[in-house]
Amino acid sequence: MTIDFGFAEEQRALAATARELFEKESPPSRLRAVWEGAERDPRVWKTMADVGLVGVMIAEEFGGMGGDEVDMALVLEEVGRAALPEPLAEVAVAARALDDADLLRGIAAGDVVAVISAAELAPDADLAQIAIVDDIAHRTFSAGRVPSLDHGRRLFRVTPTGDGTPVAPTGARVAWATACVLNGVSMRLLEMSIEHAKERMQFGVPIGSFQAVKHKLAAGHAVLTAARAAAHHAAYGLAHGSDDIAVAVVEAVAAHELINRDALQVHAGIGFTWEHDLHLWLKRGIALAGTLDAPAHRARLAQRLFEEDADA
Amino acid sequence: MDLTYTPEQEAFRAEVRAWLLANVPRLDPPDTREAFEEHRAWEHRLFEAGYAGLSWPSSYGGRGAGVVEQAIFDEEYLLADGPERVNVVGHKLMAPTLFEHGTEEQKQGWLEPMLRGDEIWSQGFSEPDAGSDLAGIRCRAALDGDEFVVNGQKIWTSYGAFADWIFALVRTGPSASRHGGITFLAVDMSSPGVEARPIVQLDGHAGFAEVFFTDARVPAANVIGAVDDGWNVAMTTLAAERDSPARPAARYARDLRDLARIARARDLDTDPVVRDALGALAARAESYRLVTLQTLTQLQRGEALGFEASVTKLLWSELERDIFELGVRLLGPYADTPGEVVGDVTEWQNRYWYARAATIYAGTSEIQRNIIAERVLGLPR
Numbered sequence: 001m002t003i004d005f006g007f008a009e010e011q012r013a014l015a016a017t018a019r020e021l022f023e024k025e026s027p028p029s030r031l032r033a034v035w036e037g038a039e040r041d042p043r044v045w046k047t048m049a050d051v052g053l054v055g056v057m058i059a060e061e062f063g064g065m066g067g068d069e070v071d072m073a074l075v076l077e078e079v080g081r082a083a084l085p086e087p088l089a090e091v092a093v094a095a096r097a098l099d100d101a102d103l104l105r106g107i108a109a110g111d112v113v114a115v116i117s118a119a120e121l122a123p124d125a126d127l128a129q130i131a132i133v134d135d136i137a138h139r140t141f142s143a144g145r146v147p148s149l150d151h152g153r154r155l156f157r158v159t160p161t162g163d164g165t166p167v168a169p170t171g172a173r174v175a176w177a178t179a180c181v182l183n184g185v186s187m188r189l190l191e192m193s194i195e196h197a198k199e200r201m202q203f204g205v206p207i208g209s210f211q212a213v214k215h216k217l218a219a220g221h222a223v224l225t226a227a228r229a230a231a232h233h234a235a236y237g238l239a240h241g242s243d244d245i246a247v248a249v250v251e252a253v254a255a256h257e258l259i260n261r262d263a264l265q266v267h268a269g270i271g272f273t274w275e276h277d278l279h280l281w282l283k284r285g286i287a288l289a290g291t292l293d294a295p296a297h298r299a300r301l302a303q304r305l306f307e308e309d310a311d312a
Numbered sequence: 001m002d003l004t005y006t007p008e009q010e011a012f013r014a015e016v017r018a019w020l021l022a023n024v025p026r027l028d029p030p031d032t033r034e035a036f037e038e039h040r041a042w043e044h045r046l047f048e049a050g051y052a053g054l055s056w057p058s059s060y061g062g063r064g065a066g067v068v069e070q071a072i073f074d075e076e077y078l079l080a081d082g083p084e085r086v087n088v089v090g091h092k093l094m095a096p097t098l099f100e101h102g103t104e105e106q107k108q109g110w111l112e113p114m115l116r117g118d119e120i121w122s123q124g125f126s127e128p129d130a131g132s133d134l135a136g137i138r139c140r141a142a143l144d145g146d147e148f149v150v151n152g153q154k155i156w157t158s159y160g161a162f163a164d165w166i167f168a169l170v171r172t173g174p175s176a177s178r179h180g181g182i183t184f185l186a187v188d189m190s191s192p193g194v195e196a197r198p199i200v201q202l203d204g205h206a207g208f209a210e211v212f213f214t215d216a217r218v219p220a221a222n223v224i225g226a227v228d229d230g231w232n233v234a235m236t237t238l239a240a241e242r243d244s245p246a247r248p249a250a251r252y253a254r255d256l257r258d259l260a261r262i263a264r265a266r267d268l269d270t271d272p273v274v275r276d277a278l279g280a281l282a283a284r285a286e287s288y289r290l291v292t293l294q295t296l297t298q299l300q301r302g303e304a305l306g307f308e309a310s311v312t313k314l315l316w317s318e319l320e321r322d323i324f325e326l327g328v329r330l331l332g333p334y335a336d337t338p339g340e341v342v343g344d345v346t347e348w349q350n351r352y353w354y355a356r357a358a359t360i361y362a363g364t365s366e367i368q369r370n371i372i373a374e375r376v377l378g379l380p381r
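Residue numbers (the working numbering), protein chains in the order written: chain A, 1 to 312; chain B, 1 to 381.
What the hints contain is simulated information worked out from the structure, not anything from laboratory work. Be aware that one or more of the hints could be misleading.
[Unchecked claim] So these bits of chain B aren't anywhere near chain A, every CB distance computed over 12 Å: (1) 2; (2) 61; (3) 153; (4) 177; (5) 200; (6) 203; (7) 217; (8) 272; (9) 277; (10) 334; (11) 361.
[Said to hold, decoys possible] To give an idea of the interface, some chain B residues facing chain A are shown, with a C-beta separation under 8 Å as derived from the structure: (12) 1; (13) 12; (14) 68; (15) 106; (16) 269; (17) 284; (18) 290; (19) 294.
Backbone N, C-alpha and C define an ideal beta-carbon position, used for all residues, glycine too.
One chain only, chain B, in its complex shape (with noise of 0.2 Å):
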């Protein structure tokens, strides 16, 4: 066990703060497609000042450094509040899985566009009737040729508006084969017949989108892994989905700080019963953290992340959430009228929801749960 940072990681660390202090920019959320060009081009900044892709090779654009070195980047990235990274689906989502499952072709082919913000990704897992029972999936891909002929329709995708590319699971097989017969596709979203609807979420932000495919066809060098083993492909990115590397623990020392403000500003700060509900938080969040420092030894070590990535999720997700309700008991009768204790109400609003959003995105809690019983306790099915 040892927690020290080398001295060449403490001056990373500083120099990173520097260059986000001196160039972190303000930006609208990227709703419109005007805002969300400003994100792709905060984006290439970041690829031209060496910070996009650290812990990968640099034969893929990456820059050769640890999984410990993007953490620390992650970490100040947040602490700088920097905008929200437009292109984490392919960051933290494709680039796990072609690292895993891509042919050299494929990496060559895609890592350096996404790093560059060239290349935008979305995910297409969900569809209307399939959500949580994520293998009961319908959109099917036909092979003709060398293509593939794609019709069917995903839902809640992030970034789906405007992104330039989706990873999509797709039915190559018969239905009944379950887990069986799913392939694991790229679209490039320009091609035709593939139409992105923005939805409307209920914080006011058009956040995630519908996606349409009409005899959409794709190449089918566009497979990652086999065809019809694409469950197998997805759960390598659904791990990456759950695991902390897409969540920095500082996030939640800060959101603590501001519940601390929030409550100085009732006159609840001296409230034992609020006390002891912030310690528990705040006990919650160092213990996540953690179990964080635990993944980053398991990545350090060259380990898959497992099923235990489902424990990360649900500790990360529910302390989020627990975070956000405190906030709004503590709020009290300013629930509604925020702006006169937390300033900006936009910022307020939008973190309180994106909590709720919390134990629903990248699978409920209940899956969670339902997945930690099965594949960790051996519960039977």
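Isolated chain A (complex conformation) (with noise of 0.2 Å):
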């Protein structure tokens, strides 16, 4: 079929396993353990690799379902509903810049980590034996830690500490994978915020029968549908050699800053103490969109419509 742009069902089967691995392996209740310092468990990030997950961008005969960006999309969106504190979509980028052999059969089974430090930034580097900087795999670093205020990751100031080896650009691709994985976080927090209108009786009705709050859910809705539309294409255009990744950017981050503040508004008091796992999603989708830079590739998208009507 021409011009389909929709998943196919493989591609949903995928998504659904994640999730429910994820539910499983990583429900809120491990993520508040991690807000409150638990180790990572290894075990974790072996039972993900071993169904696949990590190593769905990674070629077969190494050992990965030989998947492109539009396999993994959903995937990562299931990354961003679960909060996972694991960096999947880091490594699932890094393993799509090297083209090391043995490397990339330890990252598919889930042996080697890599990550990539983007914003300057890279989650889970102490526990990494490859670390991206500036488009450059090095083996050899230090990976100081800095404090987040989401502390359902845990970041890394790294410093090479060696010389490294060039890898293919590495970009556009994370910020690819941020959008969807913002994407999935709008989502969670969509969903949290239509249960609890749902149940949430005030006045003797529930909230979400007003329109005040009706309005509110159902415009975030249909901003996140564009986003991951835009998310989903570019996903398609990195697996074709495309790497314009703006319109996935801004429109992720536009809709996430709506949802952000509509999730809170809608849960209210609620919404606002340490008890209740709202903040959990709330913190890790402002990290997120603030790697971003959505106001950079807004100019961008500016110079390009000035350089068509230039054109034209």
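Both chains come to you apart, so use the hints to assemble them.
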């Protein structure tokens, strides 16, 4: 079928597998434990690798699934929906940039962790054997922990201590993957808000029956639909040689800003407590959206508009 | 996922582009009978050239091509700056409704004359007291032998002043039954007892009309779907109206290029605030285009347009409004005398006010949000 902008059955099935696994292995209670400082459980990472999630974009000859960004897009949304502590998105993108057979085998099997330093920081770099900094892969580096507001991830400043090997450019893929994960965070925030609006009673009725509440959630759903379409399209582009991710970034951030604001507003008092899980996703979203530098991408799109107009 | 066009589709695009370049006329707005008839002649011309009903089966006068070909044509038509399509209500609303709910005889009787431009259609849904609350309609139809006798009023009827047919929602059961007791009826506007009065819009155009029915007699065979089941039939019409097939995304790319031109003319093209706003709108225009590709995918798979059509409507209408609102801000002191910046004042004013209407017609943004909240997100009514 031509102009088929939808996912295949297998791609949806893979995302469903990821969702089930994350719900089982990384429920909100585990995320809370991570917030309290729990160590990484290597078994969880190994489990993700065993079902193939780490190696979706690694060639079959190296133990991966041989897929591309389109296969990975829905999985990345699940990473965001679960606010997964593990750097699955970053490792998957790092693997896409590497061509060393042994490394790729190790990554697909879950034995090697390769991370990318983006916006000057890399998650879980203390557990990584490979760190990509400025598109150079390093095997020797130091990793200094940087405190972050989102305690659900562990961030490090990576300083290479030896020579590295240049790899394929990673910037566009990191931004795209982050946009996908951010969309997943937005999806979860919207889901939580919808549930809350159905259950929370005021004036004798669920607050979700009020148009003032309905309209916020409906608006969030609409912009998120557009943002996901943009990220899915960027996935198709990356899989076919285009690294144009500006629209995916701008739309993911725009949708998230609206949904982040309204999710707390709809939850109101209970959402402002430490006890409620909402803030775990609010903070992950703010952290991810910030790294995307949407204003720079908006400026890029405007520049393109002026250039098109000059050409016309 | 495959976003490539086939060589045949690329060839079709080239053929359409060349034909439009050679044939697109410049017509006055269809505000007078004379201008309207010129538009009708153009519709006939499109039919003769094989560009009407591209995705319809040839047995109904169509070309038997796919929805992708239709989308390609709509995009090229827009880029060629073709005249507004005075039978858009027929092609994009009545036809999908007939394909879904019409009898074979109705399809045979109405579709080809529609494509030929012989019969121009209008839509009779809204009434003075039934706008957003569409189920509150009061226009009545009472069965008398094998005819319905229709009495009441419709309003905001696009092309109503000159159209040949109107499809109307009429009450055939008690008002208390709300969504029940409504029937979807096609009425020949030349019937005795049907009178259309033009309404002048705030931009000066006679764009729509109010239509009065006084003991108008309509054959019972003109009911689409079952008597008293018209609400169900209208859902198909409304989904078609809200969704993207009616709204090629290419128009927004063009509108944005015009904004860039205005910004340049006003020496605002290096202003970072202006650039930020333009970049945000460019992203929204592109993501809207991608949502239309999702719809195209659904249509190709034979899936019906559901309540998600309200998402599409919300996206395009608010995008369109925001583009033109930024346009007016960019014009600044020239907002009242835009000719010095945009050239054709009439054209600019038409597009600006049409954009302001976008969040109202085909169901207001507020109604779309209600539908999304209740039908898609499952929030309580």
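Verification of the hints:
1. Here residue 2 of chain B does not stay apart from chain A, with its beta-carbon only about 5 Å from theirs, under the 12 Å limit.
2. Look at residue 61 of chain B: its CB is around 25 Å from the nearest CB on chain A, clear of 12 Å, so calling it non-interface holds up.
3. Here residue 153 of chain B stays apart from chain A, with its beta-carbon at least about 28 Å from theirs, past the 12 Å limit.
4. With a minimum CB-CB distance of about 23 Å to chain A, residue 177 of chain B clears the 12 Å threshold, and the non-interface call stands.
5. Here residue 200 of chain B stays apart from chain A, with its beta-carbon at least about 32 Å from theirs, past the 12 Å limit.
6. Distance to chain A confirms residue 203 of chain B as a non-interface residue, since its nearest Cβ pair spans about 26 Å, more than 12 Å.
7. Non-interface status of residue 217 of chain B relative to chain A is upheld: no Cβ of that chain comes within 12 Å, the nearest being about 42 Å off.
8. Some Cβ of chain A comes within 12 Å of the Cβ of residue 272 of chain B; the nearest lies about 7 Å off, and the non-interface call is violated.
9. At roughly 8 Å from the closest C-beta of chain A, the C-beta of residue 277 of chain B falls inside 12 Å, breaking its exclusion from the interface.
10. A cut-off of 12 Å between C-beta atoms confirms that residue 334 of chain B is not in contact with chain A; the least separation is 18 Å.
11. Listed as outside the interface, residue 361 of chain B is consistent with that label: its C-beta sits roughly 18 Å from the nearest C-beta of chain A, beyond the 12 Å cut-off.
12. With a least beta-carbon distance of about 5 Å to chain A, the hint placing residue 1 of chain B at the interface is held under the 8 Å criterion.
13. Annotation: residue 12 of chain B was flagged as interfacial toward chain A, and the flag is violated, the nearest CB pair being 12 Å apart, outside 8 Å.
14. For residue 68 of chain B, the shortest C-beta to C-beta distance to chain A is roughly 5 Å, which falls under 8 Å, so the interface hint holds.
15. Violation of the interface hint for residue 106 of chain B is found here, the shortest Cβ-Cβ separation to chain A being roughly 31 Å, above the 8 Å cut-off.
16. At a threshold of 8 Å, the smallest CB-CB gap from residue 269 of chain B to chain A is about 6 Å, leaving the interface hint in force.
17. Because the beta carbon of residue 284 of chain B sits about 7 Å from the nearest beta carbon in chain A, less than 8 Å, this interface hint is met.
18. Given the 8 Å rule on beta carbons, the hint for residue 290 of chain B holds: about 4 Å separates it from the nearest Cβ of chain A.
19. Taking 8 Å as the C-beta cut-off, the interface hint given for residue 294 of chain B holds, the closest approach to chain A being about 5 Å.
In this structure, the earlier hints numbered 1, 8, 9, 13, 15 are contradicted, and the remaining ones agree with it.
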